[in-house]
Every structure is written in C-alpha cells, then in structure tokens.
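Trainee: Chains G and A, in that order, are what the protein sequence lines are.
Quick note: the first sequence, position 84, residue 84 per our numbering, numbers continuous.
Quick note: the second sequence, position 130, residue 130 per our numbering, numbers continuous.
In short, the hints are calculated from the structure, not lab data.
Wrong hints could be hidden among the right ones.
[As the list claims (entries may be wrong)] Ranges of calculated distance between the beta carbons of each label pair, as one might list FRET restraints:
1) G/K128 x A/R121: 15 to 25 Å
2) G/Q127 x A/T117: 35 to 45 Å
3) A/D137 x G/K128: 26 to 36 Å
4) A/K66 x G/K51: 44 to 54 Å
Even for Gly, the Cβ is constructed at its ideal location relative to N, Cα and C.
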Amino acid sequence: MRVRHTTISIIEGGGPTIIVTRSLGLAVVVCVALVVACAAAPRLTPVKARKLAPDFTLKDANGSTVHLSDYRGKVVLLDFWATWCTPCQVEIPWFIDFERSLKGRGLAVVGVSMDEDGWDAVKPYIQKRGMNYRVLLGDEGVAKQYGGLDALPTTLVLDRDGRIAATHMGLSDKREFLDEITTLLDSRSAGNAGGAGSAGAGAK
Amino acid sequence: MLAALVPLAQAQSSGALSLGEIHPVAAARGATAKVPLTMYVRSGFHVNSDKPNDDYLIPLKLTWDKGPLGVESIDYPAPQIEKTSFSDKLSVFSGSFRVTTNFHAPPDATPGSGMMTGKLRYQACDDHQCLRPQTIDVRVPVEIR
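Just need the whole structure built from these sequences, with the hints factored in.
Mentor: Take a look at the structure:
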C-alpha cells in the first residue's frame, strides 16, 4: 500500500491509474528478468580474484604419475570424493556425462579419491560405476593443500589457467556445474590464447 | 577403589558423534557385566548403522582391545531407515542411541582395578555431504572383585 502511494505521488498529469499500472508492470518485468538472469548466470569467481589451485602429484589407477599442472590449458572439474560417500555417488554419473560430452571441447574431469583403503576399495568401484574419467588416489598432503577436505564431495571447477573459478561443498546441482563449465570452455585463457591445445602430455 | 576411578570416566567426542559419560564397571570373578555407551549424533547428521545396506558404506563399529574383561557380545540398537536427498533407504543412527557391551570377568582374573580400552569407528553425513571416517578412543575403568 505504501509503495503504491509513493508511486502515485511522483506521477504528474492525467491518467495516473494507467501509468501506475504500466510502471508496476515494467517493474515486475525488470524484477523477473533480474531474477532469471541471476539464476541462470554461473556463480564463477571473477577472473582477477581467482586463486591458483595448489599443484599436486598423485598416482592414477594405472600407476601413472599425474600432476594437476599437466592439465593447464584445459577446464578441469576436480572432484574430491570417496567410495563411502553417498552424495558423491549421485554426482558421479553427471561427471561421466560431462567427460563424454565435453572432453572434445577441452574439459578434463579428474576425481581424487580420499579412501583410506586405497586402490583395493577404489578400483572395483571405478569398474562398477563405469567411471570414464581419470581417478587419482588422494592423501593427507593433498587434503591439507585443499583445506583439510573434511567433508565430501568437494568439487572445484578450474579455468584453463589452473585457477579456481568455482567451489562446491557437498552435493551440488548438475545444471550449475554445466553452466560453469561451458562458460569457462567458452572463455579464452588469460595466459594462453591457445586454449585446450596447450594441455600437457600427461593430461588424459 | 571404584570411586577413585570415576574421574577417569570422561565423555569422549570426535566430529559429529560424542560419547556420553562412561561409568566405571565392577564385576565379580566369573560374572558378567553390561557396559552401555550412550552416543549423541550432532543435530542434522546421521551415522551409518552397524549394518549399512551398501557394501561401500562404513559401519559404526565398536571394538575392544584385550584387557581384564572378556567380550561376550556387543548389542547395537535397531537402525532407522532414513530418506535423504541422495538415498531413500539409508540404515542409520541419529540423535542419541546406546551400544551395550556384554563383558565377562574370567574366574581366574586377578582382583583389582584396570582399564578396558577400545575404539569406536563411525562415518557421518548430513543431507548433502559426508564427513571423513572418525575413530574415538574409548576407555572404561574396571574393578574386578
């Protein structure tokens, strides 16, 4: 009521009812547009505020040594997970889908398992779930680099320069991941305009 | 003698689960003794039950080291079947619950005071994330008469 009164008071001349209706209508349209725009826009950290993801060296299921920095030039979905983590199980099919559909555009999905029981627990799980992306075995050193990783899943989306563009703590939303990844894939690397072609030889 | 042991019986906690006060246990040689441990799960969290319905999940498990008392059995409560945003049939414990160990004092045990030590392993989650597995040291003062 108070809002309507204020609106009317700033309108001069005839036909206030029509103008008020139009003004309210426009305001509603603008508000809806803003809400939709905010909901659709990925919540990426602005480029200048992004921090470099700490580099690490871990082994994959084949025993190969992998450095996170091998993936420079690619957009990386870095998922810290574990076989005992039920919400992680929900996200894994999304990541399988991303790896399949977006690898060609420069995405690399990298899973880092935090299972204490090591490959004995992880390898059968990879097989059972049909995980098509590279999985590494994490350790306490990596956990410390990434703030302890006390809660899983913790998933980071890295831009082509290896900087953290988004962080997801806990079960997230597939659409949100997809929006972030595609926005980053469409962005040029600040450090290397060559983009995906500059990925290191170790990157899968 | 038993009263002197009481200060040793302190609540122990770690992460999303804490143990209630642990009372010293007294047992005559050749007799049995029940030791209930009350556990409190942080609000909003659950821990897997002792029999989770997925092989990959880490069960809540109480184990005892060799000590002055022998372990006959450990009784876990009936689990709750919980529905979350990521599963509709999780077998869990939440809120407060009790795990009871049935000890026996060997007939040839030496009378006196001692300590039963053990470990409680569990893994907790809330509605959208899981905490890494934790282990709590459990210590129960014992007097054998």
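Trainee: Just tell me: holds or violated, for the beta carbon distance of A/K66 and G/K51 against 44 to 54 Å?
Mentor: holds (50 Å)
Trainee: Just tell me: holds or violated, for the beta carbon distance of G/Q127 and A/T117 against 35 to 45 Å?
Mentor: holds (39 Å)
Trainee: Starting from the hint 15 to 25 Å, judge whether the C-beta atoms of G/K128 and A/R121 obey it.
Mentor: holds (24 Å)
Trainee: Okay, A/D137 versus G/K128 on CB: inside 26 to 36 Å?
Mentor: holds (34 Å)
Every hint, counting from the list given before, is met by this structure.
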